[in-house]
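Build the full structure now, drawing on both the sequences and the hints.
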Amino acid sequence: MEIQVTQTQGVTVVVPTGDLDMGAADQVRRVLTELIDKGQVKLVMDLGGVGYIDSSGLGTLVAAMKQARAAGGNLKLCALQDDVRSIFEMTRLIKVMSVHATRQEAVASWG
Amino acid sequence: MRDGGPEGTFVLTSEPQHLARLRDWLRGELTRLKVENQEQFGLQVAVGEICSNSIRHAYAGLGGKPIHVSVWGNEDRLVIEVRDFGKKFDPEAYRPPDLEAVPEGGIGLHLVRQFVDELSYDVTQEQGTRWILVKHRRRE
Chain Y
56 MEIQVTQTQG
66 VTVVVPTGDL
76 DMGAADQVRR
86 VLTELIDKGQ
96 VKLVMDLGGV
106 GYIDSSGLGT
116 LVAAMKQARA
126 AGGNLKLCAL
136 QDDVRSIFEM
146 TRLIKVMSVH
156 ATRQEAVASW
166 G
Chain X
235 MRDGGPEGTF
245 VLTSEPQHLA
255 RLRDWLRGEL
265 TRLKVENQEQ
275 FGLQVAVGEI
285 CSNSIRHAYA
295 GLGGKPIHVS
305 VWGNEDRLVI
315 EVRDFGKKFD
325 PEAYRPPDLE
335 AVPEGGIGLH
345 LVRQFVDELS
355 YDVTQEQGTR
365 WILVKHRRRE
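Those protein sequence lines, which keep their order, are chains Y and X.
Mapping the first sequence onto the numbering used here, position 94 (from 1) lands on 149, and the numbers just tick up by one.
Mapping the second sequence onto the numbering used here, position 100 (from 1) lands on 334, and the numbers just tick up by one.
Just so you know, these hints were derived from the structure itself, not from any lab.
Check the hints yourself; a few may be wrong.
Dumping the calculated SDA-like pairs for lysine to any residue here, alpha-carbon to alpha-carbon at most 25 Å [unchecked claim]:
1) K150/Y to P331/X
2) K299/X to Q82/Y
3) K150/Y to R84/Y
4) K369/X to Q82/Y
Have a look at this one:
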């Protein structure tokens with residue numbers, strides 16, 4: 056999986072491309088944990104390039120969200136593809152996580 | 235199409251990196267069986283979760299162990315069998331997830347059940363677990 060990390064308006068934007076499955080979950084976990092440990096806790100993850108996610112991928116995002124919130128920040132999501140969105144709905148994570156239509160909207164939501 | 239047994243079988247070993255190849259193969263089989271794209275995604279998730287469970291629980295994360303996935307079907311139903319040869323599934327140890335508690339794990343079988351109509355397992359073989367996933371097919 057390819058993961059790009061950029062900064063904009065004090066927000067760290069993480070853009071993975073590929074399938075967020077059990078095979079990629081550790082890589083994503085390492086990237087997010089490292090950012091949070093460095094104090095970059097205002098996070099946006101753009102899932103526009105992710106066409107598949109499984110329970111390992113979800114678990115990684117939930118863990119990072121909890122870590123970021125505990126440190127005073129959050130992990131917000133944006134640009135979910137329809138299939139991926141359906142997984143967030145089935146697991147009710149759509150109600151718990153901060154999910155935005157676009158990256159701009161997610162970044163702007165930090166105020 | 236027939237309903238008597240597997241038409242196609244994919245054998246992978248228990249490294250998570252092989253799950254993407256499994257999905258590619260499954261997509262091809264489901265296309266051959268004329269399964270719609272929307273349903274293909276759900277079945278890929280369901281089969282992926284069963285295989286992830288085999289890797290994580292049956293084989294305790296050890297690589298190099300076999301997992302066999304077979305698909306067959308007819309006009310009424312689609313059947314997918316996942317077979318591992320490790321520690322057997324223990325239904326007594328399984329706890330359904332509390333989604334309200336926002337769990338970080340343990341939701342794989344919950345996801346599988348969202349995408350298939352029947353889920354069963356057979357632990358009567360000498361080794362491992364044989365999972366059977368059934369999806370009913372809508373008649374046109």
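Notebook entry, point to check: Of the hints given before, which are not true for this structure?
Noted result: Structure breaks hint 4 only.
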